[in-house]
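Visitor: Going down the list, the protein sequences come from chains H and U.
Letter 87 of the first sequence, counting from 1, is numbered 87 in my numbering, and no numbers are missing.
Letter 307 of the second sequence, counting from 1, is numbered 307 in my numbering, and no numbers are missing.
Simulated from the structure, these hints should not be mistaken for laboratory data.
Quick caveat, the model's predicted, so the values are computed rather than measured.
Watch out, some of these pointers could steer you wrong.
[What the hints assert, rightly or not] Restraint ranges, calculated between C-beta atoms of paired labels, are given here: (1) H:G76 to U:Y233: 19 to 29 Å; (2) U:D217 to H:T42: 34 to 44 Å; (3) H:L49 to U:N345: 31 to 41 Å; (4) H:G63 to U:P221: 47 to 57 Å; (5) U:P213 to H:K9: 16 to 26 Å.
Built from N, CA and C at the ideal position, the CB exists for glycine as well.
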Amino acid sequence: MTAKEKSWKEISPAGVCWKSSTQFLTGDWKTYKPVRDLEKCTRCLLCVLFCPDGAIHWKPEKGDIEFDYNFCKGCGICANECPAKAIEMKLE
Amino acid sequence: MKSVVKQEVLALNGDEAVAFAAKQSDVDVVAAYPITPQTIIVERFSEYVANGEVETEFVCTESEHSALTACLAASVTGARAFTASASAGLALMHEMLFVTSGCRAPVVMAIANRALSAPLNIHGDHSDTMTERDSGWIQIYVENAQEAYDSVIQAFKIAENTDVLLPVIVGLDGFTLSHTLENVHVLSDDAVKRFVGTRKFINVTNHEGRTVPFKLDPDNPTSMGPIALPNYYFEFKRQQEEAMKNALKVIQDVNKEYAEISGRSYGDGLVDAYYVEDAEVAIVCLGSTAGTVKAVVDELRAEGVKAGLLRIRTFRPLPVERIVDTLKNAKAVAVMDRSMSFGGNGGPVFHEVRHALYDADKHPYIVNYIYGLGGRDTSPMQIRKIYEDLQKILRIKRVETRVQYLGLRE
């Protein structure tokens, strides 16, 4: 999902924004995105721990993790840290 | 033009006039670091503070970079902030100039224009402010101490206009204006206070979704200028350009409004035209040199030469239409630059004026004179020579040397 981006006439000056950085989602300009192989994943949550943008969330009710692609920069740290090699960086 | 308020005549030099204007403008915060030739502004202002003549928080910082940072911080919390600098001090502020204009903080800064090193030189030329012409600050260049006084008062009203919200530089030529004593007509404290008024704020939506005034306030938290990635930065810069466009009208309005109370106006606030409507040969210049040129124009007019002067008062935003309109009858134009753009095609003012005339119906012959660098004097005889050169260009119908150096030993 991509947030609707506003024109220069619609935004407040000087970076004053609604919910701070949530208005400036990073998701639109990434080139790679992490894709998980569910079978390999052990739910060790190292990816959640290492994601620099907090874009991977642990959902206890599902017992699984979710990627928030609106915040993901596609840096690939999660894929590097994954001990089971369950995350692959794919071109968007 | 008649003034409606009673005025006093004081003997002030340019710097003192600026300090006096800042004092009357009811400034909340002044943060500054002294540098020649601006020092007198800060000295006088600190005296006003020490004597209890003004209720201002005076911050002695350890560098110009910190001085502007303090002013920016004060300004975004809603205070009226003022600072002064020159030359190397302005260069040290470079980063913060962009932050201030980007945060849309209406800080007013007086610059006593001075040459930049090396070699070290403390005297007047426009190298410092010309270097900062793309920093998003409105730039006003003044002709005399009287205009310096008037312009600082106007600057607060221009900067704080809700359609503009941009910082303003008031440039006065170092030593030529900053250290020369003149008779300055000053308004009463009340009249200035009424004219400048209190700061107004636009409304923005904060992170809680509430509509709050555009300032930092602990009770209504907002974030200002934190980060904009490639998907938004461009949009913020476009907003600043729009504010500059709005400033063109606001500057004219403020100039008109000020004329009503003081009886003094400077052209239309953007350009100051002197006999240029029917002039065949015209000079375009900034700042104090205009006084010398006016004297020469008077002499030449008495001799029957159709000479004129266009002084660009507001260099940023550049009043392109006014320049084209005012120069429409000129057949040969000389642009005087008190700074150099090394490796460029002439000086910065020449770039701008020549570029503005590209879209005009009639294109005059146009030449550039670099003059007065590092405080070198420019005499009426030299100005006269420019007009003679322009007349020669009209006779031979071509420009021989596009960029010339006035007063350089060759």
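Visitor: Give me the numbers of the hints this structure contradicts, sorted from smallest to largest.
Guide: 2, 3, 4
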